[in-house]
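Please model the complete structure; the sequences and the hints are all you need to start from.
The C-terminal residue of the sequence shown carries number 303 in my numbering, and the numbering is unbroken.
FYI, nobody ran anything at the bench for these hints, they're computed from the structure.
Please read these numbers as outputs of a predicted model, since none were measured by experiment.
Not one of these hints is a red herring.
Simulated crosslink set (DSSO-like; lysine-lysine; CA at most 27 Å straight-line): (1) K184 to K208; (2) K159 to K208; (3) K184 to K214; (4) K184 to K159; (5) K159 to K214; (6) K93 to K159; (7) K229 to K214.
What follows is a set of in silico ranges between Cβ atoms, one per label pair, in the way DEER data are often shown: (8) S216 to F151: 28 to 34 Å; (9) H263 to D126: 19 to 25 Å; (10) N293 to Y96: 19 to 25 Å; (11) R270 to E231: 14 to 20 Å.
Even glycine gets a Cβ: it sits at the ideal position worked out from N, Cα and C.
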Amino acid sequence: MRAYLTLLAGLDSVGALSELEWVREEKRGKQFLERSLVVDPTRLERAGLGGRESLLRIKETLLGALLFDVDAGALLGQLQTRYPDLEDETLHKRRYPRGSMADTAWVGDSGRAEYAHSSTESFIGDREILRVILHPDQFSMHFNDEDNVVFYGITNNGKTVLQQPGCRACGAACGVMLLMDHRKEPDLDWLVNCNLENESSMISGLIKNGLPVKISSVFYKSEGRAMSKRERGRRLEDLVSTGGSGILSIVGEIGGHFILVDHFCMATDRAVIRDPFHGWCIETTANAILERNPTRMIQVEQV
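Here it is in structure tokens:
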């Protein structure tokens, strides 16, 4: 943060920052552009985005976006005007979870708190997102106790969407969304105190809150043979069409993760998911889900 504030103030940051700090800032800036604009590193280099001089040149756009959450369209327009080599891509405005009191944390080399499983990576690339159905900026409801408040939204078809409150709370966030879908009270303690869930603890949390659930493999067949990618897609499609929304365990850009899948269709290559990491409901390609190694799905048992 000190590096960004120094740059924004227009000071001579080249002399004020150590070599290590410059490497970190340059890497973060490149990662932001690669993630947001979907360009490869060689195109960034051709556009002149590599090193101290380039960081100073784009401080009003790149650093302004990182610090002050400026309008995505305006940022993209400025960058493309200055650097015409950048590809024309839609920039999706994303929210990222912050570290919470429940997260595993330590003091890093910079003297600031660092959190286990914190990430500046994005989950699901811009090109794989077909539309944003509900964004956290649109959340208008909340539930709370004396110490915590959680904001959430409801989609047009009645699905609850919220963002995980900590870096390792995706499992509890999915569990609470599923509870609220079924008109159960949200378990706020579970949500805010979560520090890494596995499938067993998530099932226990759902059962404790009154939801009978089942778990199904989308990776292995009954005889123990791994499914092909197409077989996994058909399995997911069948599970969601017959059993409704389910919590899917996957591995993607941010490591092991849980999402809710509300719709999945191989024929149209469409999926609708609720991702607690960015706190939104989006429509993606079905292939985007299959590319992230889905393994098991937890669904409410039909009684």
